[in-house]
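K.L.:
Protein sequence lines correspond, in order, to chains A and B. Counting along the first sequence from 1, when you hit position 125 you're at 910 in my numbering, and nothing is skipped either side. Counting along the second sequence from 1, when you hit position 190 you're at 192 in my numbering, and nothing is skipped either side.
Heads up, a few of these hints could be off.
These stretches of chain B come out as covered by chain A in the derived footprint (C-beta under 8 Å, 3 or more residues) [as the list claims (entries may be wrong)]:
hint, segment
1, 318-324
2, 465-474
In the DMTMM-like style, the derived pairs of lysine to aspartate or glutamate whose C-alpha atoms are separated by at most 20 Å in a straight line are [stated by the list, open to error]:
hint, chain 1, residue 1, chain 2, residue 2
3, B, Lys-182, B, Asp-252
4, B, Lys-171, A, Asp-965
5, B, Lys-175, A, Glu-891
What the hints contain is simulated information worked out from the structure, not anything from laboratory work. These figures come from a predicted structure and were not determined experimentally. Heads up, the beta-carbon is just placed ideally off N, CA and C, and yes, glycines get one too.
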Amino acid sequence: MIVALLAQGTPLTETGLWIANTFFYLIAFVAVGAALKMVTTSNVVHAALYLLVVLSAVAATYVILGAEFAAVTQVLVYLGAVMVLLLFGVMLTRAKIGAEDDLDHEQRWIGGLVAVGMLAVMGYSLLEAYGSTQLPADMQPQRVGPISDEIFSTYIVPFEALSVLLLAALIGAVVVARRD
Amino acid sequence: MSILASLAPAIAQTTEFVRPAIDWHAFAPELVLLAWGALVTVIDLIGGERTRRFMPSLTGIGFLLAMIPVLTLWSQNDDLPRVLFDGAYMVDHYSLVLKGIFLVSAYVIVLLSSNYMAEGDYYDAEYYQLIAASVLGMLVMTSARDLISIFIALELMSIPAYLMAAWRKSDLKSNEAGLKYMLMGVFASGILLYGMSLLYGAAADTRLVEIADAIDTGETTPIFTLGVLFTIIGFAFKVSAVPFHTWAPDTYEGAPTPLTAFLAVASKAGGFVALVSVVLFAFPHQWEIAEPVMWILSALTMTVGNLIALRQTNIVRMLAYSGIAQAGYMLAPLAVYSKVPDLAQSSIVTYLLIYAAMNLGAFAVVIIAARKTRSGDIESYGGMFRYAPGITVAMTVFLFSLTGIPPMGGWFAKFQIFNALLSAETTAATVLAIIAAVNSVIAAYYYLAIAKQMWFLPAPDGDHSPIVVPPALMAAVAITVIVTIATGSVGVGLVGDATDFVELLASP
């Protein structure tokens, strides 16, 4: 709905802004909750599914920000490819499916401390830099067209380099994974 | 349907695509290598077993062919620097010198690999294709002047290397090498990307020059400080600086030895190029954050690397730790880059050139010696002067150069580093120079211990049968010896007057 509003080029009304903010807080709440469950659950498959929720929430945030292309890429790459890879990894290896007692690392408290410290530093810096920044009222969604123009003009070198990278990774992965 | 209908006018607004103007000559080194690499891959696909034994020669020819446009670009001096894509890609003297270093190093690595790969029942054709891909990443890296190009060049350089580290598939140590290298590399990439995203957020541009300008106008914000720190830490993993070095010794020991040479020389140099480009071009005004970080990284890296190298009994592990220590010397000029930016840049490039020659040479000798002794123990080098005098003399040249004894190249490389540090004329820089000097003395102990083993101590099992050295390895040793001695001898003439080179590299 927000996408449709933005696509018409009309500035967001008070109501529209209120809806966008409400959706954002809802999505953020779901994302943080799922992320916490993901690291505390004792079942690897459940952890993967919680990660799915986190990644979807990030995709939804991109939509609210009008970044269509990033949202679609997030869904295709992370929700599609990476999650399937992760679940296949769990199922095809001898990892235990179901709850495990020893999934927690013995140094989890130190890890938790580091995480809280990082949260404080990052949170402070981000709030300091962007705490009072507001999205422009006449924000337009990011079209895919200009992105493709950029990829095939300004960023043509990294784009071509990426295709070589994929080919090399393919060749190497076949050699390493091959049974001989 | 209503959404689609509402999108229709927006779709109609899409602007006309303008084809970018491309300076094909400036891209020629990359394009030649790309085309040749694709050709070699197709030949391998069609030829299969019949063409397999030509693969090393073909790949080597590709690297030499790519040198031709580097030389023609260099000869058209007036057209340099060639700026492409509004400054996102730059061909200048700095990038051309580095392209030359990477291509010649890659050629020497193919020479080192050919016998090892052919005799060891590996997938050798694919190995050379991955080497070519990785070197292409290095070529792009030398010219990349924006964050996206730098990141993708870094990945193109690293990902084939992760796979090649695990190339000895039946050996658990090699599996461990590949896995450790990949996990640490991916972790580092994550940190690096986070830092880059913060930089982009602060500057709203991916080009290094624009980032420098954007921050110059405003005050340094915490967000930018974090961006600088994360970016530097990400690169510190790639160049195996202490305390981010833990992957290096295991990876170096487990990987096939020619690939270890590739990692210790070419990959590390690639990481350094990225680090130097980002620090010098994007953070010229952020030295208050970057310099102390570099100081600490440099002092820790050279000291810890040297102290652990002292205790090694395996020569590959020793070279790995000595490479870590050498990275510490190379980081040192970045601790004073705000005072002497041009000198810092040229001294690091000089060090990379000489480091590549002497370290590749040392690895060549290790590979030759392992053909006879089948061992990497330093003790197995005993008595080598009696049955392989030529190899012993060559290894002595490399060891003297690594120690920094004139007139070998390593001496001139170290001289340039000290020159940069002392020209800065600050207390911190002088202290760092003293730490580097002390470390050079420590390093002399373990380098010269190998020379002593080869010249004076008896062979461990009394076996004095000569080593058969294949022509490819002989050529690799010859090239590296010549470069090591030539750079040192030229350096003797240049002392106190290397300003031409400094100005040439720094010319915008």
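K.L.:
Take the hints in turn and mark each one as holding or not.
P.N.:
Verification of the supplied hints:
1. 318-324: violated (count 0)
2. 465-474: violated (count 0)
3. B:Lys-182 x B:Asp-252: 8 Å, holds
4. B:Lys-171 x A:Asp-965: 9 Å, holds
5. B:Lys-175 x A:Glu-891: Violated: Lys-175 (chain B) and Glu-891 (chain A) sit about 27 Å apart, past 20 Å.
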